[in-house]
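**Q** If you read the sequences in order, they're chains A and B.
Quick note, the first sequence lines up with residues 1 to 134 if you use this note's numbering.
Quick note, the second sequence lines up with residues 1001 to 1390 if you use this note's numbering.
Calculated from the structure, these hints are not laboratory results.
Keep in mind the model is a prediction, meaning the values are calculated, not measured.
Every residue gets a Cβ at the ideal spot worked out from N, C-alpha and C, and that includes glycine.
There may be inaccurate statements among the hints.
In silico negatives: residues of chain A with every beta carbon more than 12 Å from chain B [said to hold, decoys possible]:
| id | residue |
| --- | --- |
| 1 | R8 |
| 2 | P36 |
| 3 | E48 |
| 4 | D95 |
| 5 | C96 |
| 6 | H102 |
Here are the simulated lysine to aspartate or glutamate pairs, EDC-like style, with alpha carbons at most 16 Å apart [as the list claims (entries may be wrong)]:
| id | chain 1 | residue 1 | chain 2 | residue 2 |
| --- | --- | --- | --- | --- |
| 7 | B | K1192 | B | E1204 |
| 8 | A | K71 | B | D1123 |
| 9 | A | K10 | B | E1137 |
| 10 | B | K1306 | B | E1159 |
| 11 | A | K31 | A | E85 |
| 12 | B | K1238 | B | E1387 |
| 13 | A | K31 | A | E9 |
| 14 | A | K71 | B | E1124 |
| 15 | A | K133 | A | D72 |
| 16 | A | K31 | B | E1137 |
| 17 | A | K10 | A | D72 |
| 18 | B | K1198 | B | E1159 |
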Amino acid sequence: MNMPRFWREKQGRYNLVGNRCTNCGTYYFPKRDICPKCHRKSIGKMEEVRFKGTGKVVSWTIVHDAHPDYKDMRPYIMAIIELEEGPRLTGQIVDCSLDEIHTGMRVRDTFRKLSEDGKDGVIFYGYKFRPVKE
Amino acid sequence: MRDVYVIGAGTTRFGELWERSFRDIGIEAGIKAINDSGITGNDIDALYIGNMSAGAFINQEHVGALIADYVGLAGSLHIPATRVEAAGASGALAFKEAYLSISSGMYDIVVVGGAEKMTDIGDEMANYITSMAIDQEWETVFGATYASLQAMMARAHMERYGTTREQLGMVSVINHRHGALNPDAQFQREIKLETVLKSGYVAEPLRVFDMAPLSDGAAALVLASGDVARKYTDRPVKVKAIGQASDTISLHDRREICTMDSTVYAAKRAYDMAGMGPEDIDVAEVYDSSTIAEIMAIEDLGFFPKGEGGKAVEDEKIALGGEIPINTSGGLKARGHPVGATGVAQIVEIVKQLRGDADRRQVKDAKIGLAHAVGGSGATAVVSILEAEI
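Input sequences plus hints: build the corresponding full structure.
**A** Okay, structure coming up:
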């Protein structure tokens, strides 16, 4: 991942900023210029939203074969999370033991290091999720 | 729209072909298909090449022209060559583009190739490149891999429908059983269920033997218009229909994660175009990039009701001799999965079956066959239906 490519998406990755179609009310993460439900009617009607960051696990896996940048974290939990406002996203679950993770688990976002560009390169930060104690 | 026929088919052996280059395998497949059809270079109007990622795998782009050159069609005949990319559906989509170029009336005879050379680099890098077909900005950047998305589909399918770990494993067992009958397959050895269940985890619950391998290989077809086809062969295979559909690039944005809507829509479009339904299909090649992908495919193509794919596999309804033999070639798992070649190789297998040339893995009286290819985690699907006219 190169710097400009990461940097231009930092609002979404740092702050969970997405948007909402004011024509139909649907929330989107990441931001979309056009609402897939309203098409033309949504142009100019997409409103920026910062998500609360709470949601639940829809499905999950424990990754053993990872890409080079994520090898040191193995084994780690990846999940699809449904945010309270509706949209789904993919992220790691941290501060959670491997036998604790389950479908339906309530989670909230946390700001963490994602990876780094080699030993001397920049560090990439963004959201991960951790369990919410009931 | 003019009728289009397959009049020639060929593949290389699939596997780790270290002594052979990208161009070597592309040419071998092309020449086999051309020889099979009986045409000569002068008869060819155009070339379409399915390839996912030669730029990343071998640092070579512009592979349409490259193959045209080394197959001897560029420097003297200057025939047009077009590369088509849609990740794992690249070959299937190249087939569709070739079909359209003939059915439209523009060309009469077209060669379709698919090729990928994946083993010149290490496994870790190769897996990273195949994951470029999923969303790089919102999936892989957070640590997701291609296999991890398949694993999340598997978990959801198991939790919702009661699909078992053993049923997933049986997909691999049956594909290896079929692969053992295919002299071009990467793996020609039967395996036991325990082998799958004891192999190391890739992404839980999926293990090494749930996943298609990294492979080198190429496949090619010669297509011709209806009036031309009979001049070259007395057993042409008709392309009855091709359906294609898209879905969101990220798995998490889909309506469902244990139904592949792109497959459902591509299949519906193909069945409608052919005036057929899933009950008319005698043999099918489906996209088993993982064992769960095959279970979802046989449901989403309509061969079995949703949620009953795992049981159908357990009952061996998809094995040779079963209700509907699936992946008689060995599938992606055992025949091998050179990504850009796969969609073309699937059609080569269906053509062999419909002509009665499938030897020890022949499905008796196969008249209508289907091929199904998927790009990424399901953002593209292509379904093709072919019929023997012999």
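**Q** For each hint, tell me whether it holds in the structure or not.
**A** Going down the list of hints, with the structure as the test:
1. R8: violated (10 Å)
2. P36: Violated: least Cβ distance 8 Å, not greater than 12 Å.
3. E48: Holds, because the least Cβ-Cβ distance between A/E48 and chain B comes to about 17 Å, which exceeds 12 Å.
4. D95: holds (15 Å)
5. C96: Nearest chain B Cβ is 14 Å from A/C96, so the label holds.
6. H102: violated (10 Å)
7. B/K1192 <-> B/E1204: violated (20 Å)
8. A/K71 <-> B/D1123: Between A/K71 and B/D1123 the Cα gap is close to 14 Å, so the pair holds against 16 Å.
9. A/K10 <-> B/E1137: holds (11 Å)
10. B/K1306 <-> B/E1159: holds (14 Å)
11. A/K31 <-> A/E85: holds (14 Å)
12. B/K1238 <-> B/E1387: At roughly 5 Å apart (the allowed maximum being 16 Å), B/E1387 and B/K1238 satisfy the hint.
13. A/K31 <-> A/E9: Judged against 16 Å, a Cα distance of about 10 Å means the pair holds.
14. A/K71 <-> B/E1124: holds (10 Å)
15. A/K133 <-> A/D72: This hinted pair is violated, its Cα atoms lying about 27 Å apart.
16. A/K31 <-> B/E1137: holds (12 Å)
17. A/K10 <-> A/D72: violated (24 Å)
18. B/K1198 <-> B/E1159: Distance of about 22 Å is beyond 16 Å: violated.
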